[in-house]
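Engineer: Following the hints, position chain B against chain A.
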Amino acid sequence: MTNNAKVVELLKQISDKIDENAQFLTELDAAIGDSDHGINMARGFKKVVEDLPGVAEQDIGAILKKVGMILVSTVGGASGPLYGTAFMKAGGVVSGKMEINADDFLEILEAGIGGVQMRGKAEKGEKTMLDAMLPALDAMKAAGTADTRAMLDAGVAAAKEGVEYTKTIIATKGRASYLGERSIGHQDPGATSFTVILETIAEAY
Amino acid sequence: MKKIINAVDQVEEQMIEGLCKAYPQYVTRVGDTHVVARTNKKEGKVALISGGGSGHEPAHGGYVGEGMLDAAVAGAVFTSPTPDQVFEGIKAIQTDAGVLMVIKNYTGDVMNFEMAADMARDEGIKVEQVVVADDVAVDGSLYTVGRRGVAGTVFVHKIAGAKAETGASLEDVKAVAEKVIDNVRSMSMAIRPCTVPAAGTPGFELGEDEMEIGIGIHGEPGTHREKLQEADQIVDQLLEKILADLDFTSSDVAVMINGCGATPLMELFVVNNHVADVLADKGVKVYKTFVGEYMTSLEMEGFSISLLKLDDELKELLDAKADTPGFKVI
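Heads up: the protein sequence lines correspond to chains A and B, in order. Residue numbering for the first sequence follows the working numbering, beginning at 1 and increasing consecutively. Residue numbering for the second sequence follows the working numbering, beginning at 206 and increasing consecutively.
One chain only, chain A, in its complex shape (with noise of 0.2 Å):
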């Protein structure tokens, strides 16, 4: 089980990974899109951590939605209204809970992944989050909650498979999209932001 404090704790190791991986976010979408993927992410997750001691004695559910306000107001560009609304409806599926397992981790992510999908109306195979989100998940379910290590892992593996994946398929969402063939080769920034939030979850397991 993983209790409030400890996904507060999670947040702020996110925070930080997202931080060491800004410079490189931002060169991934400097190559097939407007270049400050990294530097939006990392502003929005720095405000996550300074306001998070306001809500951290809350449950998860409202833990996660405040997250997701913070990153709307403060990311900019497509990235926030995506990870912004994904954390609002992983927290819709978890209010007033001050504990979750790994069955509530599964019910989080795929509520977070459909409000990616409402928002950005994407599929997979579209060069986007999307192609390292819906593949973990799949990954995840199939792995089980019986052994939360290995479903995690198994999420993980799928999730870099998946921005691996990205180098190959034209881009058809986002400002990418107007590249053509051209964004062949260059990996999704979302794909890669994402699976750098998982792993995180993953390692601090």
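Keep in mind that the hints are not guaranteed to be accurate.
Okay, the calculated beta carbon distance ranges per label pair [stated by the list, open to error]:
#1 A:Asn101 <-> B:Gly249: 22 to 30 Å
#2 A:Ala31 <-> B:Val491: 37 to 45 Å
#3 B:Gln215 <-> A:Asn101: 31 to 39 Å
Simulated crosslink set (BS3-like; lysine-lysine; CA at most 25 Å straight-line) [as the list claims (entries may be wrong)]:
#4 A:Lys121 <-> B:Lys331
#5 B:Lys226 <-> B:Lys247
#6 A:Lys6 <-> A:Lys46
#7 A:Lys66 <-> B:Lys526
#8 B:Lys247 <-> B:Lys296
#9 B:Lys490 <-> B:Lys226
Read the hints as simulated data drawn from the structure, not as lab findings. Even for Gly, the Cβ is constructed at its ideal location relative to N, Cα and C.
Structural biologist: Chain B only, in chain A's frame:
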């Protein structure tokens, strides 16, 4: 980087304050947000809100006033405003008749405005949206997110704003905005790039003898780069693409020659001289021409041409009174 600013992170804030201090009779800042709203709110009519990244002045804050926008939301330079800011704007201007959002077609802009609309609907505010995608330089196929919204957006502000001023319903204002979107086409070029203050270096490089054809309003790549040509040849090239995209033959059109921020007005008139001649040759009737800076890209040097095909309704609305800091028809 050489700019007349105080601090990189204060540019947007001080631009908004400066605008409101210059034109208090037109625009007022909404609290401490980056939203400017019409100083004299008019009740009972559909309220129009638009916005986008900063750096496009006079868009969008300069178009707030009678006969155009009721509010404009400014994001960071070249970055979409966030939903909470747009939501504050919607709340400030909403009327019983509803709110129409005029969005330029960029993934981030569309998502942020749609989220704001969701928040507003949760509070019982009627909100509709239109998305402008007038740039013929980029492919509007199924395999992209569609064309970019550029200078043609100003025609949407003008005409939908005039319609709203008549007291028309939200559905009717939206319909006329969509009519403008369906009938407006634009294309742009640049000979010198611009520098986003926070980035400190130009977004792209162009050789002294080069130009970028089909460039976006944030300096995004266009169709191609080539050796600089004479103005008339550049005009021929842009018009060819615009005229091939929509049949303007024997129609009345409104023409907008838009400077990108650092183009002398002299050169814009040189451009228009040939635009008018070519259109006359092709049997396209120029009803009204606008030459100036309407949708800039910081200090980018270049111009765009927009053509709007007019019917009687659009002509009447184009001619209706607009009194804003950046656009006047009196």
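Engineer: Now tell me if each hint is right for this structure.
Structural biologist: Against the structure, the hints:
A beta carbon spacing of about 55 Å between A:Asn101 and B:Gly249 contradicts the range 22 to 30 Å that was offered as a hint. The beta-carbon spacing between A:Ala31 and B:Val491, approximately 43 Å, falls within the hinted interval of 37 to 45 Å. Distance hint check for B:Gln215 and A:Asn101: the Cβ-Cβ separation is about 47 Å, which falls outside the suggested range of 31 to 39 Å. About 23 Å separates the Cα atoms of A:Lys121 and B:Lys331, which keeps this hinted pair within 25 Å; it holds.
With a C-alpha separation of about 21 Å, the suggested pairing of B:Lys226 with B:Lys247 holds against the 25 Å cut-off. Between A:Lys6 and A:Lys46 the CA atoms are separated by roughly 18 Å; this keeps the pair inside 25 Å, and the hint holds. For the hint pairing A:Lys66 with B:Lys526, the CA-to-CA distance comes to about 45 Å; that exceeds 25 Å, so the pair is violated. A C-alpha spacing of about 14 Å is found between B:Lys247 and B:Lys296, which places the hinted pair at or below 25 Å, so the restraint holds.
With a C-alpha separation of about 40 Å, the suggested pair B:Lys490 and B:Lys226 falls outside the 25 Å cut-off, and the hint is violated.
Figure legend: structure checked against the earlier numbered hints; hints not met, in rising order: 1, 3, 7, 9.
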